[in-house]
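Q: Assemble the whole structure, with the sequences as input and the hints as a guide.
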Amino acid sequence: MTAVTAPVLSLTFASGTLELRGLDQGDAQVPQGCLWDPRTGCHRAPALAYADVLRALVRQQRAVDDRARAYVTLEHGLRVHREPRPYQAEALEAWLARGSRGCVILPTGAGKSQLACMAIDAKRRSTLVVAPTLELVRQWYDLLRTSFGVEVGVVGGGEHSVAPLTVTTYDSAYLHMEHLGGRFGLVVFDECHHLPSAAYSSAARMALAPFRLGLTATPERTDGKEALLTELVGPIAYRKEIVELAGDFLAEYDTERVEVELAPAERAEHDTARATYRGFVERHGIRMSSPRGWADFLIQSARSPEGREAMTAYRRQRELAFCAPAKLDFVEHLLARHVHQRALLFTADNATCYAVARRFLIPAITHQTKIKERSALLAGLAEGRYGALVTSKVLNEGVDIPAASVAIVLSGSGSVREHVQRLGRILRKQGGKRAVLYELVTAGTVETFTSERRREHVAYR
Amino acid sequence: MLTAELVRARRRGGELKLTALDAKGVAQAQELAAALLELARRHVGRSRDELEEVCDAVVGGAKDRKLAAGLRKLVYDRCDFAEDATIDPVELRREVHASARAAWLALAPEPATTPAAESSPEPATESSAEPSTTPATESATTPAPEPTIEPTIESSTGPSAGPDSASALLGQVRFNRHAVLAQVAAARALDVATIEASLYADLRGAQLLRGVEPTTPQALVEAYELAQAQAVLLRAVRVTVQVESAVPGAYRTLFRKLKFLRLLTTIHPRAEGGYLLEIDGPFSLFESATRYGLALALALPAIRELDRWQLSADVRWGNDRQPLTCRLEGRGTPGQEPLLSDELAALIAATVQTGTAWQVQPATAVLELTGVGVCVPDLVFRHPERGVEVFVEVLGYWSRAAVWKRVELVQQGLRQRIVFAVGQHLRVSEAALEAELPGALYVYKRTLSARALLERIEQVAAQPG
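Chains as they are written, first to last, in the working numbering: chain E, 1 to 461; chain Z, 1001 to 1465.
Just so you know, these hints were derived from the structure itself, not from any lab. For clarity, every value in this text was computed on a predicted model and none was experimentally measured. Errors might be hidden in some of the hints.
[To be verified] Chain Z is nowhere near these chain E residues, computed Cβ spacing over 12 Å in every case:
1) D27
2) R59
3) V64
4) V72
5) L78
6) E90
7) P107
8) Q114
9) D142
10) L143
11) R145
12) L175
13) A217
14) P235
15) A275
[Claimed, not checked] Just a few of them, taken from the derived set where beta-carbon distance is under 8 Å, the chain E residues facing chain Z:
16) D37
17) C42
18) E332
19) L335
20) A336
21) D349
22) I371
23) G387
Every residue, glycine too, gets a C-beta built ideally from N, C-alpha and C.
A: Right, here's the structure in full:
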């Protein structure tokens, strides 16, 4: 219908897709992956196909007016040069040899972020780093800023600034890639085993970046969708297992599990509250161990005054279990005792986190803390301006906290074992002292909903 | 807007049916809306947490909890929350934490090689007076004078565990929280209570309610019914709408809205009048996903402005994302918008007065050139003998960009004959469209001249359409 006069083809980025104009429907030269879109009278491809489409057209010696590519060449590379570990250099070589598209599998603590910096330095293209949590976004922000000596953009967590080096979360990438997808030549997917979910994968499809690097320690997914990584990022370019790297990178630490008794009055209050909510749960046949337990309890408890009472009782017994005055007294003792070391405190929820922060006047980090303040707080901890920091986040995915040698976990009745182990990994020996992790549990307070715990578990990540 | 979880709807076969409010339901909803609005108004000046607590109680006590939760959401949407900006909490925290750090260090001046308790320079009793002067916050409750804890070390692998014992705890020096706050307060010439209140004033729950948008329970319940339909569209992968409008204005608003929302529309004229619109987004070509749900929901108010509309949405509903169809329909409020502007009415009258053979009517057509754009003319001129029709769109107060977009439409091959009347202040030359095209520009000074317009109409009528 539209008369085509210009011999030149044009390629534009439109909301996460590429519009190829200048070829008629059914033209034999249409590159693979492009579909005719009758709504707009042009060919369309997912932005992911950019490199393939361009390569196909160049092979046909077609002149293309490329208006899609909106990324730039970085003015300079790394400002801080660290000697790469041998396997980092090997991994970079392997990734470059695969056309700079692929995944690198390295164990936690092996320096995956450093490898990403090397890749950015090698490609020198505008780069977007996608990470699963705001905590990791904060960490990438600091790393890129100090490594490249430039201002770094952040999208997510209430921030929206885009720069040639930008960091974002998977959630924000899903929401904003249709606007950002043309502006980066390299995308780094940190903890890329998250990518193959239905929503997140569309973020990878809506980016035109010809260069892609996926980083993870565990590409395997329970749903078996890891094969999708090959399409979205690229094949596995390099893999080293933890055993091959020996134990050099795991810090050694001691664990102390401390049980604190509730005071008699607290004990009585706890038991009454617990009996109230337990009674309600049993009468309504809610199974706390089932995956739906917590949701059922939420729904049932909102339906009657009796239910609301049960919810109040549930919260109260939980509050007593997590942050009983006796327990906080013991925290005070630990803080005083380790005042010349750096301590990290972990709580199971925000309420406890802020209660601890207020009580001891130490900084808190939760999902509500803005990235710049988080950054300043962690820098303050590293420099010794602060001695302790409390967070409701279980920093369990490759988060690197500087120089903490004491961890205090305020649990209810005991936490998932692997959690505690992961927390231990963030500790470093300091001033000749072995790192120590205290787990504070309240004696004689038992279960929380398995499903709620799982929900929180996911929320931490 | 509501979230999909708050929608009251039933699955029936392959259909999702919204549960409409009956007369009793409307009365009940208005009662709830009145109660929630009243609570919000009474909480102006107080925190979000406080408002949420009382509203939760109302919702929990309601017979139809989903209805109440939906109304609560709409009330929150009309609330203006802002943090108290008189003291910057981030800066305040920096000061407090720095002072507190110094106080903590003072508890153990030397790097602690032994537990702090044993090298304590201060008597432990000093701090026992502290809590009484501290404002009553949960975190500052009085420590019991008697030891209430018996920490037992279950497993200890490190050397640091050794010195721990209950007796070491008994003698520990207390961190004097109040003294730290008092020191910061004094430096800022404020009282401790203000420092306490401001310390985390930037948390979401601490935001203060500044005001509530004025509305009535009736209006809120009407908004609820729109919001329910919008919430269904949040889960839509594609929407088709049969539309009819007697006035071009509603079509224009709709197409402008769809373009703004970056949605793509396929327009099919219907034999019985009106159009069938298929609406989705660029990526819909490759996968059916609810990615455009929000944009589709935002387009609904513009669809509702049309005289008649019937919408069919393909949704993915529930936790299992079951594919269902949801049908919505409605009639706008005809008669509210004047059918023609004074300017157009005057133009029609003047045209008739010239005694021309051209018959003029308000237009109800949508002209589209795939991939280039859409335009919605105001008038249609028909010549009964020659069987020719020419559309007219008046771009009096539009932007130059809008004019260039229309010039492009004609140049790229718009099938219909059309004249664009353009105000002179837009600084567009009539020569921008070549004479042999079926479209022309008519640039006018202050008022539209019927004669001048008819000349352009004759000009384009002479072109092959």
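Q: Decide, hint by hint, whether the structure agrees.
A: Do the hints match the structure? See the list:
1. D27: holds (16 Å)
2. R59: holds (23 Å)
3. V64: holds (19 Å)
4. V72: holds (24 Å)
5. L78: Holds: least Cβ distance 31 Å, greater than 12 Å.
6. E90: holds (36 Å)
7. P107: Non-interface label stands for E/P107: nearest chain Z Cβ at 24 Å, farther than 12 Å.
8. Q114: holds (31 Å)
9. D142: holds (18 Å)
10. L143: holds (23 Å)
11. R145: holds (19 Å)
12. L175: violated (9 Å)
13. A217: holds (26 Å)
14. P235: Label holds. Min Cβ-Cβ 22 Å, cutoff 12 Å.
15. A275: Per Cβ check, E/A275 is outside 12 Å of chain Z; nearest 21 Å; holds.
16. D37: holds (6 Å)
17. C42: holds (6 Å)
18. E332: Holds: closest Cβ of chain Z sits about 6 Å from E/E332, inside 8 Å.
19. L335: holds (7 Å)
20. A336: Result: holds, 4 Å to nearest chain Z Cβ.
21. D349: violated (13 Å)
22. I371: violated (12 Å)
23. G387: Since the shortest Cβ distance to chain Z is 6 Å, the answer is holds.
The structure does not agree with the numbered hints 12, 21, 22 stated previously, though it agrees with the rest.
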